[in-house]
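Trainee: Please put together the full structure from these sequences, using the hints given.
Taking this note's numbering, the leading residue of the sequence shown gets 8, the next gets one more, and so forth.
Honestly, the hints are just simulated from the structure, not real lab data. Incorrect hints may have been included.
Stated by the list, open to error - Computed beta-carbon distance windows for the label pairs:
#	residue 1	residue 2	range
1	Thr12	Arg50	49 to 59 Å
2	Asp10	Glu42	42 to 52 Å
3	Leu16	Arg50	42 to 52 Å
4	Leu16	Thr44	39 to 49 Å
5	Trp43	Asp10	43 to 53 Å
6	Ala48	Ala27	24 to 34 Å
7	Val24	Thr44	22 to 32 Å
8	Ala37	Ile14	31 to 41 Å
Note that the structure is a prediction, hence the values are computed from the model and not measured. Even for Gly, the Cβ is constructed at its ideal location relative to N, Cα and C.
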Amino acid sequence: WHDVTPIELLPATVVAVAFAALQLTVRAFAARDAEWTTLDALRSGRVRVEPRIMVHARR
8 WHDVTPIELL PATVVAVAFA ALQLTVRAFA ARDAEWTTLD ALRSGRVRVE
58 PRIMVHARR
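Mentor: Okay, structure coming up:
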């Protein structure tokens with residue numbers, strides 16, 4: 008088998024980097040959506056935050 012040239016490795020690297028970036032972006036959007044959903048629920052009074060949870064968050 009012949010030596011692998013950097014040009015041959017490039018497509019795989021680009022795909023890997025693009026995939027990682029996509030995952031991070033999706034994760035960031037999901038986290039932001041969850042955060043806003045929680046805030047909306049709190050604001051509308053649908054969710055009651057237990058003091059126990061607040062203590063854990065503060066720690």
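Trainee: Look at each hint and say if it fits the structure.
Mentor: Cross-check of the supplied hints:
With their beta carbons about 58 Å apart, threonine 12 and arginine 50 fall inside the hinted range of 49 to 59 Å. Against the hinted window of 42 to 52 Å, the Cβ-Cβ separation of aspartate 10 and glutamate 42 comes to about 49 Å, which satisfies the hint. The beta-carbon spacing between leucine 16 and arginine 50, approximately 51 Å, falls within the hinted interval of 42 to 52 Å. Roughly 42 Å separates the CB atoms of leucine 16 and threonine 44, a value that falls within the hinted 39 to 49 Å.
For the pair tryptophan 43 and aspartate 10, the supplied restraint of 43 to 53 Å holds, since their beta-carbon distance comes to about 51 Å. Taking the beta carbon of each, alanine 48 and alanine 27 are about 32 Å apart, inside 24 to 34 Å as hinted. Remark: the range hint 22 to 32 Å for valine 24 to threonine 44 is upheld by a beta-carbon distance near 31 Å. At about 36 Å, the beta-carbon gap between alanine 37 and isoleucine 14 stays in the expected band of 31 to 41 Å.
Comparing the model with each numbered hint stated earlier shows that all of them hold.
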